[in-house]
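**Q** Sequence:
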Amino acid sequence: MIKITNQANLKFQMMSDNLQVGILKCRVDEYLSIEEMNDGFVQLSGYTAEDMEHCFKNRLSSCIYEEDLSVFQALQTGIAQGKIYATAEFRIPGKDGAARWYRLLVLTQFDDTGKPSSAIGIIFNIDDEMQAMDRLRSQAQQDSLTGLYNRKETEKRIKQFLDSKPALPSALFMVDMDNFKLINDTKGHMVGDVVLTEAASAMKSLMRATDIVGRIGGDEFIVFMKNIPSGEAAEKKAERLADMFRHMFEHEKYSVQISCSIGVAVYPEGGRDFKTLYRHADQALYHAKTNGKNKYVIYNDKQNYQQGKPGDSSIGARIDSETRTAQGLGDFLTDIFKILYRMENPDQAINLILEIVGKKFDVSRAYIFESTEDGKYTSNTYEWCHDGISPQIDLLQNLSYSQFGDYHTLFEDQSIFYCRDITALHPAQRELLEEQGICSTLQCAFWKGEALAGFIGFDECTGLRLWTEEEVDILSLIAQMMTVFLQKRRAMDWYSDMEHQLHTILDSDDSCIYVIDQDSFELLYLSQKAKKLKPNVQLGESCYQAIFGKDNICDFCPLLNGGSGLLKLPECGTQAALHASAMKWLGNDAYLLSLRTDSDAITAPEGNTSTVLTEKTWQTVSSG
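Numbered per the UniProt record's numbering, the sequence shown spans residues 1 to 624.
FYI, nobody ran anything at the bench for these hints, they're computed from the structure. You can take every hint at face value.
In the EDC-like style, the derived pairs of lysine to aspartate or glutamate whose C-alpha atoms are separated by at most 20 Å in a straight line are:
(1) K584 to D347
(2) K156 to E355
(3) K95 to E50
Can you build the whole structure from these sequences, using the hints too?
**A** Printed below as a string of structure tokens:
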């Protein structure tokens, strides 16, 4: 039976009333079998100790949602191999059948022989955070009015399916509502929006769940049927679609007469790739519209189709309702605000926002540059790229503002640098952007006092782009929101919470724990037991001086060599088992060093020496 324990028994120094977390102690085996857990885990998961025994045989692995087992297995492997600190995110199905997301932070403990023996974990419920991420991703893929896939997402999904070279036929339908402008003009945009929304819902209900339905223009849609038995099935579906439009509003008190024209191209006869099917379906649609409308036409390669004049098709036309979605944009900005201020991981939050905004506004690249403290240099710190756009982040590090024609002067006008055509820029600036394949750009600066602290940018690499006033306003506002988050939230709330969580885990361990900066070897953290072992050691001291009494980096440095070994501590009259591992400490690269000093577990050899095992080779060195 699993023991239900309190924080004192596990030596966790936290206020459980303020932090709704579960605490687990697991045996290091292939299942991470649970030996102890607190009431917090019961409250989070809904499973009692009896449930864990009867339903899951006390195995943490058996609790994990099947699709997330690979994440758990990677966590278990790392712990079994001696990784001191590890973290993972996965789902656990509740008693009600709903799978909820959790984040687990783990500290490994070792036995007298230096092998991993147990793992102490703190588990958090992050289900709201993950659901918010999913909502934003969905929003970036969807048309704001109808909820159907937008133009980009529709094309992407159809291309992905066709790239698999399906064996069965498929069909692409171009659906255009007849005389829709007349509805807007006579009954108003509000009624027009209702018609579009109802039509979208009706089309989706008529299709299978595996089919693709998207809005690609003001009153134009694409329907893609996968794996149909024959072209006749596509023709029957086209007839049903046309009939559905004819009768959609006939029973309304004030009926609205609508109809549609449909062009259909069948794979593979009508084309084997998206571009060809799209063109042929558009030709069939044009034929239907110029021959009376309110009908469907199946593309036939033996038929000579009249080519439409530019502008005849509404494919790619601006979607009117998108210019009237102030409330929708308000909700979008609210969601951005929530994700920024609720997610615990700032890097994950920023990258997600760049992805969401990039897709929402259909840009090629979205990114952040941050300046050095002296304001002379800048580096690309975050980047999202659309499909087919090459990442540039690795090439844009530690750049001098002065090297590129005093780049910061571009932001003097209201902190916004807008350029439709980069060929008009200073040669050095033009060359910088051309090398990245940029045609047009919009960049929004953020400041630290009067100094440029960095900027958030959105690039268009597929051609010249005319940024609308609305786009500039919205992107500028998003940039301001992200700026506040970058400069304040990450430095305060998130760091404070993570520091508390890490201290809680590390202080609970029976070993002396040190966190050491990877670059300077300065001590960033000392556990309570480490402070008792050497009371005079202070944060900021170098580890080799404070722990080992040396003036320079130790020859046997376990941080650089990794692994584990034995270390004699003459002043304590004992010997310690030593373990070293790389980790992240408050977002920065660090080392975690663990010394276990149980006198009854280790017998110190004679002589003033330290013995360290690195890369499976024993070394004996003098201890200062």
